[in-house]
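This is what each chain is made of:
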Amino acid sequence: MTALLEVRSVAVRFGGVMALSGVDLDVQKDSITGLIGPNGAGKTTLFNVICGIRQPTTGVVLLDNEEINGVPTQKRSAMGIGRTFQRLELFTTLSVFDNVLVAAELARVSNPHAVAREQIELLGLTDRADTIAGELPTGSARLLEVARALAGRPRLLLLDEPASGLDDVETQQLGVLLQQLKSLGITVLLVEHDMSLIMKVCDQIHVLDLGNVIASGTPDQIQHDPSVIDAYLGAVR
Amino acid sequence: MSGIGEPILELKNISASYDAISVLHDVNITVRRGEVMALLGPNGAGKSTVLKIASALMRPTQGSVHIAGHDLTGAAASELARLGVCTIPEGRGIFPNLTVRENLEMAARKGLSVSVIQERAFARFPILAERRTQLAGTLSGGQQQMLSLARGLATDPVLLMLDEMSMGLAPIVVADLYEQVQAIAAEGVSVLVIEQFARTVLGIADTAVVMSHGHVRFSGNARDVDEATLSSAYLGTK
Amino acid sequence: MQQLVAYTVIGLTTGAIYALASSGLVVTYVTSGVFNIAHGAIGMIAAFSYWQVRFEWGWPAPVALFAILGVLCPALGLVIDRVALRGLAQATEVTRLTATVALMAAFIGIATWIWPPENRQPFRGFFDGNNVSVLGVNVGWNKIIALIAAVVVAGGLRILLYKTRLGIQMRAVVDDRSLAELNGARPARIASASWALGASLAGLAGILLAAEVQLNVVPLTLLVINAYAAAIFGRLKSLPLTFLGAMALGLTEAYLLWGQGQSWFPETIGGFSTSGLRQATPTIFLFLLLMLLPQAKLRAGAARVRERSAIPQWNTAILGAAVLVIGSIAVTGMMTRSNTIYLIQALIMALAVVSLVPLTGYAGLVSLAPLTFAGIGAVLMSKMPGDGNVVSLIAVVVVVALIGAVVALPALRLEGIYLALATGAFALLVSILVFNQGKIFSNGVAEVPPLRLPGVDLSQPRPKAIFLSVAFAVVGLLLVALRRSSLGRQFVAMKDSPLAGATLGMNLVRTKALAFAMSAAIASLAGALDAGKVAPDNYTFDRSLPILLLAIVSGVGSIGGAFFGGMLLGSNTVLASIVPSVSNITQVMPGLIGLSMGRNPNGTASQIATGFRPVTSHPQSLLTALSGIGALWLLTSVDIISHWGFFAALVIWGLGIVPNLPALAVTSGRSRALCLLIAAVGMGIAAFFDDIFEAVPTGGRLLAIIVLFVVVGNAIRRIHTPVAPTSKSSPDLMGLTGFTPEELSQSDRAIKVVP
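Protein chains in written order, with numbering that gives the first Met the number 0: chain A, 0 to 236; chain B, 0 to 237; chain C, 0 to 754.
Any given hint could be a false lead.
[Unchecked claim] Now the stretches of chain B that chain C is said to cover, found in silico as 3 or more residues with beta-carbon under 8 Å:
| # | segment |
| --- | --- |
| 1 | 106-113 |
| 2 | 181-188 |
| 3 | 210-222 |
[To be verified] Chain A regions said to be covered by chain B (calculated; three or more residues, Cβ under 8 Å):
| # | segment |
| --- | --- |
| 4 | 34-47 |
| 5 | 91-97 |
| 6 | 157-171 |
[Unchecked claim] Here are the simulated distance ranges between beta carbons:
| # | chain 1 | residue 1 | chain 2 | residue 2 | range |
| --- | --- | --- | --- | --- | --- |
| 7 | B | 27 | A | 86 | 23 to 33 Å |
| 8 | B | 27 | A | 216 | 32 to 42 Å |
| 9 | C | 672 | B | 63 | 42 to 52 Å |
| 10 | C | 161 | B | 63 | 54 to 64 Å |
| 11 | A | 68 | B | 137 | 33 to 43 Å |
| 12 | A | 107 | C | 291 | 46 to 56 Å |
| 13 | B | 90 | A | 63 | 34 to 44 Å |
| 14 | A | 63 | C | 438 | 57 to 67 Å |
| 15 | C | 161 | B | 90 | 21 to 31 Å |
| 16 | A | 126 | B | 63 | 49 to 59 Å |
| 17 | B | 187 | C | 161 | 29 to 39 Å |
| 18 | A | 65 | B | 140 | 34 to 44 Å |
Honestly, the hints are just simulated from the structure, not real lab data. All C-beta atoms, glycine included, are put in the ideal place defined by N, C-alpha and C.
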């Protein structure tokens, strides 16, 4: 296996605060990689660095062995990076279909309508294609974000808490979908608080705490790593 | 101590959502007089939302909020504050561009003058007296937390609610602060403590509520919360 | 040396007035989060009111000052905060901005109405005629007082903000609103207090300025531009920096004034006169400051916009276009020549309004300069060789589109309020520096040649009106095509979430520039097709405001809404010619309509349209409604009822009774009879309005009409559907919108069975 995404000693400083302090991690091709950690650990900041919304203070990000540090956000989607947002960023006044269609058109695929239909079908949103996105219930809205990201034909898909607000059945379906994406050759980096989902679908997990990677390994290794447990539960008093 | 005093804070059948995202499902929590309750759970469990609802910063979509037996669902946050509900939100709870003295003055109201507040605050945390003219934003993290505690306590609250007080603080400072919290509870104030770091707070809590996914998973005596329950809530271990 | 002192004093005085105005603006902005475009207009109203009580009624100065600054201004601030803006806390920035633009338009209208330009006495400053000698220079008392006032206010604000409970609470709210609330502060009350204070400061600045520049509605209102510049210098939060910026601005202006009198000062630069330079200083200052602001960051948090417009459908669009063209052919055949000219003006306005559809409606960007682009279009058309042939027109449109894109480029770094201000500054700069040049408008007039089309003489009103409606129809259809295209979707996507757009590969700068270019191109048509003699006054900043207002109020996402808005603007003159006594209302109207935004962010048109839906969807009701209007018209034209009676009856019929027609149709028995009785009495009062309200002045009559239709409308509605309105937030003034969806469909169903 080779790494699709490599993050090398990435640090981000907000004023006097180090949001990330020298993060190193790899995301293997065709894997589902989990990124977990307590609140304020720096997970969303790392996502923002990877898709160019924020420049790292130091360090580099490599996609397929190519440095992408200076590449502006809007060009990274053409390089194969797609993402969803923890706080929904849907085009709330467009229909579900148009949300995905815009993404397909921006990605300059040859037949955007067909691509949009395909993604909507994949995420099971066909019945709601004409609904205005702002009126969707949470579960469907999360799925729409995924469909929209997929319409850009990403190689690397960054998912920021896709299961928050989903019920148990929807979460299970999401897990199945993630496996499906993996078999389609899409690499997934997943930030999620639902540990049962993370532990079930991930091949590899990185744990972030206070801007550092404190552990990396398989779900089983992570669940029994004492430093991870300490990071979550706090030091014994 | 648990279960003896009368209920001070009762959240009854609370459901809540942000726009379309529902974050709390039928949550019931009761904090009694003089009791310290730890509200635990992983990120995204809905702890902070519980606090927002209890302090009236947010309205529940269903259910009711009772303070000392009165139904105060839908009251304004400022009204609750005047009724003796003291909330210290996540992130220190100070006004960084106001001086220490001005921060304390924010608690002043009819029948409670600035000088009285200062007297009480400085008696509890003498260090604040030395820094009274300093901007609160320039204090150390621990001192900022002391300032917000001092201000809250000067109002003689019946209920004190603390959100993630320990975040970003050294363990020794956290230990100090929680000692103060224990002392406050001994004076008869009910305390609701939200903590991600469960072990830190279980030592001082009488009762505990463990949440995940917006549901209450455990509610009972703090001693009955064991590592296994926590690990499974936090890390999904079986 | 003496001159240096003299001009320094002038500069400091002017700076002091700017400082007073801008500090009020900053105080209001930081505590309430609303950037008050109408700040200058409050100052203007204060200046006029002061003049009224001091010089017309002869009150002593201290009493007059107290009445204006201590009572009127705070009350005005409170009313604005409570009535106009309170409902907008959750609305988008565009909506909030529009609400204050509406206020500004309303104040300008009210001032022109109450204080018509003809009968204005001079405004004398404090201790007029007495001078003080400063370093050998005679300085008027008004200037000295301005300086003292600025110092006192600076000190007073300092004490207020740092030494009083209220001030500390204000600063606490700025720091952390919800934490302040948790500490028992009431942010809403604090915001009200800051509005009262801000309005008083604006008033003081307005009174001091009036003594320097005399009573003039627009210059006094534009005082706010100077305040903006200083406030932006303080980054909308620092009061000391704001004061500093104000002083720097005042001094720059004064020294430029001095320089202009000197021989070394160039009269022209590159063939352009420098005479407007001093007047333009604050605007240039503002524009430069805005350009120096850091690039707006991509922020998370997709717009939670409630306003929404459906995707236009081809069949309705084509039908609409056809109705417009055929309608204009038919109507102009019956109209008098002068009425046709009114129609032409309305169509030109409609084109200007529709230029905001791609920009504001689709892409969500605000422009305060639509008429500036129209003006540039008119000027270019008048200068273009070819005397109005089609190629010149195309060239003009292309050039203005390019100008639009280029002007937009620096502004594109900005967001929300800053972007709006930058477009406003651009509009003013073009007005002062370009349109005022003698070589642009020779003797203040430019001759725009009529477009030359084979077989049509567009210098005649009728063909011109028909041609303009064709032009509007074509533009409308093109906009429908745009909205349904990939680019149109991208515009809307950018409005909803620029962040998501960027991560999906959208080039935001390119997309924004395209939106500006298209908007400028359409606006240029409004200038280039308006053949005849045009003056720069047609294209000023303050005239652009009603355009934006009506665009947003009538539903900027839809072309029909834009047409409606243009007609409304144009109909002002028509209405005034039919009922001369209401001409003043028509000036205030856009502002008042805009203020309804405070209650209804979706735009009034959509709301009214909803209220009228049961009527328009049922031929019988529609026919009844129209025949009622026709009957009124007939009665007026044979002088049975007066103009006022016609106006009153029209309002009561159209807004009070017509929306209830379908419901009346389904009610039966006693309640129906009662409703009909109420309607008849209402119309009766209206028809004999003049006899009943003989002695009542205009304002009182208007109030009477409003009360009458609210009473009639609500009474009818209450009787036939005794259900409380479902939505508290709806402007249920006229009982238009109280129907629940269930009720609507019920009445829809029921009406089908009525013979």
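*List in ascending order the numbers of the hints, as given earlier, that are violated by the structure.*
2, 3, 5, 10, 12 and 16
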